[in-house]
Structure formats: C-alpha cells, structure tokens
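All chains should be modelled from the sequences, with the hints used to inform the complete structure.
One line per chain: the protein sequences are A and B, in this order.
Taken in order, the first sequence gives residues 0 to 717; the numbers are from numbering that gives the first Met the number 0.
Taken in order, the second sequence gives residues 0 to 210; the numbers are from numbering that gives the first Met the number 0.
Rather than coming from a laboratory, the hints here were simulated on the basis of the structure.
Selected chain A positions facing chain B (in silico; Cβ < 10 Å): (1) Val452; (2) Ser453; (3) Gln477; (4) Glu503; (5) Ser511; (6) Thr512; (7) Ala514; (8) Arg553; (9) Ser605.
As the structure is a computational prediction, the values presented were derived from the model and not from experiment.
Glycine residues also receive a C-beta, built at the ideal position from the N, C-alpha and C atoms.
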Amino acid sequence: MNRRHRLALLLIPVVLGAISAALPGRAQTPSTNRFAFADTTLLRDTLGLSFVNLFPLADSLRLTPDTLRALSVRYRSNPERLVQLSDSLRVPVDSVGVVLERERFNPLARTGNENVTALIYTTTYNVQQTQSSWGNNLDFNIERGPLFVRNLTLISIDRYSSGAIDTRRKTRNANTEAGWRLNQDVSLGARAIVDIFDSDDPSSGFITDKRNDFQFSGRSRQAPTRNLSTELNMFAGILDQSGSQQEKSGLTGEANARMLYRRGGWLSNELRADFRGNTARTRLPDSTLQQNTHDYNQLVSANLQLYPNSPVGLIANAKYRDARVETPSAVPQDSGRTRLALTSGLDGSLDIRLRRTADRYLNLTSSLGTTDASTASYTGRTERFTRLLGTDGRYDLLGWVLEGRFSNGFNRTESPRVTVDGGYIEEVENRNLDGKLNRRLTPKLNLQLNGGVSLARYRYAVVDRYPSPPVSRDNYRQSYRIDALYNYSQRFNTGAGLEVARTELVNIAATSTSANNVTRTYRADWRWTYRLTTGLTATQRNTLSANYVAYTFREGADRLNLEYGNVTTLNAVLSPRLVLNLTHSSNLAPSGSYLQDEVDGEWFFSPADRSKVFELRSDLSYTPTPGFSLTMAPLYRSVEREGTVNGITAPQREDRTLTVDGGAVVSLPVGRRGRLEGNFGRRFQGQRTSTFNAGVAEIAPVTEQDFWRGALTFSWQL
Amino acid sequence: MAALRLRLALLAGLVAAAGCGYFRPTEPEIPTSPPLRSNYSHPDSSLESMNIGLGDKSTQGSGVYMTALAESISTSTPGFHQLFWPEDIVDWSGVVPSDWNWSFELRLYSYLIDLRPLDTYRLIWADGQTTDDIDFVVGVAQIQRRYRVVTYNTDGDSTIIAIGFADLTFYRDAQSRWVITRWADRSDPEADPGDQDQVTLGRRRLQSQSN
Chain A
0 MNRRHRLALL
10 LIPVVLGAIS
20 AALPGRAQTP
30 STNRFAFADT
40 TLLRDTLGLS
50 FVNLFPLADS
60 LRLTPDTLRA
70 LSVRYRSNPE
80 RLVQLSDSLR
90 VPVDSVGVVL
100 ERERFNPLAR
110 TGNENVTALI
120 YTTTYNVQQT
130 QSSWGNNLDF
140 NIERGPLFVR
150 NLTLISIDRY
160 SSGAIDTRRK
170 TRNANTEAGW
180 RLNQDVSLGA
190 RAIVDIFDSD
200 DPSSGFITDK
210 RNDFQFSGRS
220 RQAPTRNLST
230 ELNMFAGILD
240 QSGSQQEKSG
250 LTGEANARML
260 YRRGGWLSNE
270 LRADFRGNTA
280 RTRLPDSTLQ
290 QNTHDYNQLV
300 SANLQLYPNS
310 PVGLIANAKY
320 RDARVETPSA
330 VPQDSGRTRL
340 ALTSGLDGSL
350 DIRLRRTADR
360 YLNLTSSLGT
370 TDASTASYTG
380 RTERFTRLLG
390 TDGRYDLLGW
400 VLEGRFSNGF
410 NRTESPRVTV
420 DGGYIEEVEN
430 RNLDGKLNRR
440 LTPKLNLQLN
450 GGVSLARYRY
460 AVVDRYPSPP
470 VSRDNYRQSY
480 RIDALYNYSQ
490 RFNTGAGLEV
500 ARTELVNIAA
510 TSTSANNVTR
520 TYRADWRWTY
530 RLTTGLTATQ
540 RNTLSANYVA
550 YTFREGADRL
560 NLEYGNVTTL
570 NAVLSPRLVL
580 NLTHSSNLAP
590 SGSYLQDEVD
600 GEWFFSPADR
610 SKVFELRSDL
620 SYTPTPGFSL
630 TMAPLYRSVE
640 REGTVNGITA
650 PQREDRTLTV
660 DGGAVVSLPV
670 GRRGRLEGNF
680 GRRFQGQRTS
690 TFNAGVAEIA
700 PVTEQDFWRG
710 ALTFSWQL
Chain B
0 MAALRLRLAL
10 LAGLVAAAGC
20 GYFRPTEPEI
30 PTSPPLRSNY
40 SHPDSSLESM
50 NIGLGDKSTQ
60 GSGVYMTALA
70 ESISTSTPGF
80 HQLFWPEDIV
90 DWSGVVPSDW
100 NWSFELRLYS
110 YLIDLRPLDT
120 YRLIWADGQT
130 TDDIDFVVGV
140 AQIQRRYRVV
150 TYNTDGDSTI
160 IAIGFADLTF
170 YRDAQSRWVI
180 TRWADRSDPE
190 ADPGDQDQVT
200 LGRRRLQSQS
210 N
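Right, here's the structure in full:
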C-alpha cells in the first residue's frame with residue numbers, strides 16, 4: 000500500500016468525526032425503526048422477566064441483545080435492573096453477578112445493625128440419557144450485633160455412563176467466614192475454604208484432590224475525603240493441599256485494595272490491586288523429597304473516566320498482571336529441582352467518545368497489550384503483542400440512519416519452542432469495515448442495507464527448525480445484503496432479503512496455492528407471518544442459497560453447492576390452557592462439480608450428490624393449573640442421501656427417526672418458603688437406517704432408545 | 000444545505016478510501032510448476048496419481064496423493080483403512096494404532112518427504128500375484144500391486160525406502176473417482192533384509208507417528 004493510500008485511511012476517523020460533529024446535546028429519542036429487523040423472539044418474557052427494552056439497552060451498552068438476555072436470565076433480573084446494578088457497582092454488566100457473589104461475604108457491606116438469620120437450601124437433580132447430576136447448595140448468614148457467621152457450601156455428584164462403565168465425580172466446596180465487626184469500617188475474623196474433588200474415571204484412575212485454606216481475615220474501608228473512598232482487605236493463614244498432582248503445605252496470604260476517587264460528574268478514577276501468594280513445602284505424590292516452592296499472583300488495574308456523560312468523554316483502562324507457579328520437576332534427571340511457570344502481561348486501552356445524541360455519535364477506540372507466558376517445561380513459551388485501532392459511529396440524516404464500524408487489529412505471537420528444535424512466529428492482521436443503512440420508507444415499509452469488507456492476513460516465520468509451520472495466507476470477504484420488511488397490519492407482515500458475498504482464500508507460497516479458491520455466495524430468503532384468527536398464527540420462512548467455489552490454480556476442481564429450505568409453523572392457542580405448535584421443515588441440498596464436454600469443450604454442472612431432510616414436529620402443552628403443564632412433542636425426521644454416478648442418480652442412505660418427548664413442567668410453591676421448579680419426562684426414539692449398494696437396499700435393524708430426562712430444583716428459604 | 004453537501008462529500012470520501020486497495024489480498028506466488036495432473040478414473044490411474052503426488056513433495060502433492068484414499072466423514076461412505084502386516088506389528092516396540100485411517104496417512108506423506116529432502120521421489124507400482132477383480136457396474140475393485148518407493152539423489156543414485164505388496168480394495172465415489180478404502184500391507188520376499196531402508200510402507204507408517 001503506498002503513502003497516498005495510508006493517508007486516505009487516516010481520513011476515515013476524521014470524516015466520521017466531521018459527519019458526527021459532536022456538539023452539546025439536546026433531548027432526542029433514538030429512532031425506533033433501527034430495531035425493526037431485530038430478532039423479536041428475544042423479547043419473549045420468561046421466568047417472570049420482561050425484555051421490553053432489550054434492544055435499546057443492549058445497543059447503549061455495546062453488547063449483543065442475546066448476551067444481555069442471557070445475563071438477565073442467569074441472574075434472574077430484568078435488564079433494566081442489571082444495568083442499574085452495573086452502574087451502582089461501577090462494573091461491566093457481565094461482572095455484576097461475580098461482584099454480588101463476592102460482596103455477600105463482605106460484612107462491611109451491611110448497612111444496619113439489625114439481627115439477621117438467613118438460610119437458603121437448594122437441591123437440583125438433572126438426568127439425561129448417559130449422565131446425571133445431583134447438586135446441593137447451602138447458604139446461611141447469621142448476624143448478631145457485631146458478630147457474623149457466613150457459609151456457602153456446594154456439593155455435586157455427577158455420574159457418566161459409557162457402555163458398561165460408570166464414572167462418578169464428586170465435588171465439595173465450603174467457604175465459611177466468622178468474625179466481629181469492630182465498627183462500620185473495620186472487621187476481623189477467620190475463614191476456612193475447603194475443596195475436595197473425587198473421580199473414578201477409568202482413563203485417569205481413582206483421584207482425590209483436597210485443598211484446605213484456614214486464614215485470619217481483616218477487612219477495612221476508609222473515606223478520607225468526600226470524594227475519595229478506599230478498601231483494604233487482608234487474609235493470612237495456612238495451606239494444606241494433597242492430590243494426584245502434588246502434596247503441598249505451608250503459609251498462604253492474600254491482600255487486595257481498592258481506591259476510588261470521584262469529583263463531580265466529570266472525573267472518576269479507580270485503582271485496584273490484588274496480591275495472592277504462598278510459600279510451601281511441596282512434593283510429588285510418589286516422592287518423599289520435600290522442596291520449597293513459592294507461588295504468587297498479582298494484579299493491578301486502573302480505570303479513568305473523564306466527562307463520561309458529556310458530548311466529549313474519555314475512558315482509559317490499564318491492567319498489569321504477574322503470576323508465578325513453582326512445581327517440583329517430574330523429570331527423573333531433574334530430580335530435586337523445581338520448574339517455574341511464569342505469566343505476565345500489560346494491557347491498556349483508550350476510548351474517546353463523541354456523542355451528540357443516541358443516534359449521532361462517534362467512538363474512537365485503541366488498545367495495546369503484551370503477554371509473556373511460559374510453561375513449566377522447556378517448550379511452550381509464548382510472547383504475544385496485540386494492537387487495535389478502531390472507530391464506530393452512527394448518524395441519522397433525513398430519516399436515514401447510517402452506522403459504520405472500522406477496525407484494524409494486529410497480533411504477533413512468538414512461540415520459539417513449539418518443539419525442542421524450534422517453533423514459529425505468527426503475525427495476524429485483521430482489517431474490517433462494515434456499515435448499515437436503515438430507513439423507514441413508509442409507515443409500513445422498512446428498508447435496511449448492510450455491507451462489509453474484511454481482510455485477515457496470516458504470516459508465519461520459522462524459528463530455528465520447525466518442519467510444518469502454518470501456511471501464510473490471506474482471507475478476504477466482502478458482502479452486501481438488502482432487507483425489506485412490510486408490516487401490512489397487525490395481522491400480517493412479510494419480509495425479504497438478498498445477500499451476495501465473495502470470499503477468497505489466498506495461500507501465498509507457491510507450494511500451497513493449489514487450495515486457493517474464490518467462493519461466490521448468493522442467498523435469498525422470504526418470510527411471512529399471518530394471524531388467521533384469534534389464537535391461530537401461521538409463519539413461513541423460505542431460503543435459497545448457492546455457493547460457487549472456483550479453484551484458482553486447479554482446473555476442473557470447481558464445485559457448486561445449492562440449498563433450498565422451508566420452515567412453516569402453525570401456532571394455535573386452542574384454549575387458555577391448551578397450546579399447539581406444528582412445524583414442518585424441509586431442506587434440499589444438491590451439490591456437485593463441473594465436467595468438460597468432450598465434443599465442444601464447454602464446462603457443465605454435474606450433480607454428484609443430494610441430501611433431502613424433512614421434519615414434522617408438534618409441541619402440545621396443557622396447563623391444568625398455573626405452575627404445572629403437561630407437554631407432548633412428537634418429531635418425525637426423514638433424511639435421504641443420493642449420489643450420482645455417470646449421470647445416474649441412485650440412493651445411498653436413508654434414515655427415518657421418530658422421537659416422542661412427553662413430560663411435565665412445574666413451577667410450584669411448596670409451603671410458604673419452598674419452591675419446586677423444572678421439568679421431567681421420558682423420551683422414546685426409534686431409528687431405521689438403510690444403506691444402498693449398487694441400488695439394492697440393505698436395511699439395518701431398528702434401533703430404539705427409551706430414557707428419562709429432566710431437571711428439577713427444590714429451594715427452601717428460611 | 001452547504002453543510003449537508005459537505006457531509007455527503009466527506010461520506011463519499013470515506014467510501015473511496017475503502018476502495019483504495021487496503022482490503023485487497025496479496026497476490027499469491029505463481030505455482031512453480033503447472034498444476035499437478037491427477038486422474039482417478041481407473042484404479043491404476045489413482046495409483047499413478049499417488050506417485051505424482053508423492054513426487055511433487057508439496058501441499059499440492061499431498062492433496063493429490065490423499066485424494067486417492069477414501070475420506071469419509073459420515074457412515075454412509077466408506078473411509079480409508081490400512082491393515083498392518085503382522086510381522087511389522089510384532090517387530091514394532093511403539094504404539095500401534097487400532098485403525099490406521101485417512102488422518103494417520105497424512106502423517107506418512109510428511110514423514111516420507113522429510114526422509115530425504117533433497118532427493119527426487121517415485122512411487123512405483125507393479126503387478127501383483129493375483130488377477131485384478133474390477134466391477135465397473137457396481138464400482139468396486141480388488142487388486143494386488145507390488146510397490147516400491149525409490150528416491151534419487153542429485154548424482155542419480157537410487158535408494159529404496161519402502162517395498163512391499165498391497166492388497167487394495169477400491170470404491171468408486173460419488174464423483175466417479177476410484178479411491179482406496181482398504182490397504183492390506185505385506186512384506187516383499189525380494190526386499191534386502193540387510194538394508195534397513197527396505198521396509199514396508201506399513202512399517203514407515205508406524206515410524207511416522209514419532210515425526
């Protein structure tokens with residue numbers, strides 16, 4: 000790329016910035032038609048959670064909607080509540096659950112001085128065809144004046160069946176802390192952490208790993224000024240570890256600190272530091288030789304936010320981590336020596352956010368990082384350097400909403416000793432540019448245009464001697480898609496889309512260019528939904544796609560893959576208690592290569608094989624009383640595969656499968672404080688397979704499966 | 000209106016920047032030799048293609064060699080399996096895979112071409128001791144061939160690095176290619192027992208595991 004081109008690239012953020020022209024904001028609601036093409040199935044309420052504002056919230060958090068939905072379901076909180084917690088805890092949304100779990104053990108998080116007695120017991124039994132698990136969790140908290148005791152105990156037993164072999168794994172974990180809160184800002188106490196793991200997996204033999212940590216704990220928090228708050232927590236005690244890998248006993252300690260400085264709404268600066276370490280006498284399980292080992296793990300992170308809610312804001316992050324694990328050498332000739340696994344890294348990022356309104360903004364993103372990791376063996380050391388520059392923005396103009404995103408990422412990974420003789424260096428550069436244009440053409444018609452281009456460049460260089468490094472190559476992709484959605488009425492809507500894509504695999508070296516190919520993809524789909532009557536809705540989706548694969552340097556190897564798909568669903572609410580879903584789907588996928596006509600030399604498509612899949616499924620749900628449903632779901636599936644030899648199509652294989660799932664779904668209160676939730680049922684599956692040899696069917700006996708499956712959870716709260 | 004025009008012009012500049020070759024893939028090196036001519040329309044054509052593939056000693060050559068072996072990712076089509084000569088198993092002190100399949104064979108190719116990196120390779124097939132049984136209607140063939148892998152150095156001196164017999168079962172696949180589904184390996188009585196290099200390809204397959 001010459002200098003003029005590089006200069007043009009630098010203009011990209013300038014151009015976007017000029018278009019965005021971040022100025023003092025004014026109130027403006029974001030254009031709602033931006034989410035007209037979003038997957039509305041994500042908005043269905045579940046577990047008493049509502050996802051009405053899922054798309055705008057996910058958009059503002061720069062998360063995908065399904066990620067935010069999954070987090071909401073996991074922590075049983077509406078997305079709005081999750082975001083509120085995220086803001087108040089000053090952590091990313093995906094860290095809310097982890098921080099809440101940690102704070103449960105922090106006695107200083109308690110605000111009042113009232114007596115507390117809380118106990119939650121949960122037991123879950125999950126059974127599937129070849130595995131089952133039984134989990135028991137106990138969580139209790141007792142606080143009397145300044146005294147407190149907390150315990151969290153988790154016990155799980157998992158069974159896996161493989162033929163006549165049963166494997167059982169037991170995991171037990173208990174975390175108990177008791178102490179005395181001297182005042183609102185200081186507490187002292189002791190904690191015990193017990194971990195036990197048993198396994199009788201035949202591949203590894205009987206294993207028991209145990210770890211016991213007994214520590215004194217001291218927690219404190221300070222607020223020297225109105226704008227400054229700090230926390231300092233320290234733990235120190237003894238460590239006792241035994242198991243299949245090593246036997247270790249000694250002293251262990253942990254210290255973590257946090258400092259937060261806020262000034263008005265324009266400055267927020269947070270520093271966190273965490274250090275954990277141990278010094279111990281360690282030996283291998285089958286050795287009597289005790290050796291001194293020292294392990295530590297330290298992490299320091301900083302976050303700076305300047306004018307986060309202003310038209311121009313800045314967010315900077317930095318993180319330093321360093322870890323060392325020392326183990327006795329298992330190599331006989333190194334007996335008496337220890338081996339070190341060292342990991343260190345430094346990462347930093349800087350984001351500049353220019354925001355005028357929710358639909359007129361520009362973000363400039365950059366990050367740098369380096370990691371150095373070595374394993375306890377001679378081989379395996381890896382050094383990694385990463386760099387990312389990017390920008391994304393949105394701008395609405397005359398009813399059009401334009402979104403654009405550009406990024407350039409570079410990774411360099413040095414693995415000089417993949418084997419004892421050598422290794423290789425990998426350099427990967429990813430260049431991406433994509434955009435989306437959205438407009439509501441009429442009150443009933445929405446249009447969306449998508450386009451994108453990307454190039455991934457992989458380069459490899461051998462260090463010393465390495466026989467088979469990966470192939471240096473470029474992967475290129477460009478795609479365009481147009482979507483239209485027509486909402487005729489509340490009863491009927493339809494949409495169609497057309498996508499054209501081109502991908503290129505370019506191996507650079509002459510010795511590997513035979514695999515180079517260009518794939519042109521054409522994909523179209525049409526879907527409609529029609530509410531026939533109240534409680535009866537039909538939905539259909541039809542898809543067509545074609546992949547033309549052309550090999551650059553291999554004449555006669557080109558291929559064509561075609562696919563036709565269709566899914567029709569009938570949703571019937573027969574009564575408030577009876578719901579039926581009926582789904583039929585079909586998929587035809589012929590493919591083949593090109594042959595040259597011996598007479599005129601023309602190339603023509605020659606079908607080589609074809610698969611046909613048909614499926615009919617119904618889901619029937621009857622709810623005699625709230626919190627209890629009976630379900631029945633029969634599924635019939637037919638798979639046929641045909642091959643073509645010398646222009647004659649002949650069957651190769653046929654599969655016919657019938658699956659029937661029947662069961663119940665419960666979500667019932669048990670007494671005043673208990674609750675039973677989950678599902679259970681039985682599955683029957685029968686399958687017959689026919690293979691064809693020279694057109695003659697060889698029918699295999701029917702295979703049948705019949706087993707219980709489900710997961711039930713009972714929880715009881717004091 | 001002037002501001003609008005300016006923004007549209009800048010937007011056009013952005014689009015133009017995207018078309019400046021920044022996303023253009025690198026031009027690959029032109030193959031140093033013409034694309035390998037492979038032919039799988041007859042069992043013997045497939046064997047000759049294996050010779051061409053081994054002689055090329057490249058990723059492309061590996062592809063040509065391996066195409067002659069049935070690759071199967073589903074139970075509906077047969078895959079390649081090689082059966083070791085029992086004496087090779089007895090003599091081998093290392094691990095003997097229970098099923099030497101297509102994936103294992105990839106290692107053999109790399110191992111063989113690393114043995115004599117500067118030499119020229121040939122995989123020579125000769126008639127075996129049984130009559131060919133080829134059914135062109137059904138698309139199944141059973142043949143026996145004597146094989147030798149011979150390398151030639153720059154002075155023209157030759158070395159046999161593999162010798163043996165192979166009882167081969169072929170299957171004509173969906174693309175009308177004759178591919179090997181079964182390779183029963185056995186030693187050749189004419190191999191020189193004093194020459195450590197003159198071993199079966201089965202033995203070379205076992206050795207390739209440590210490569």
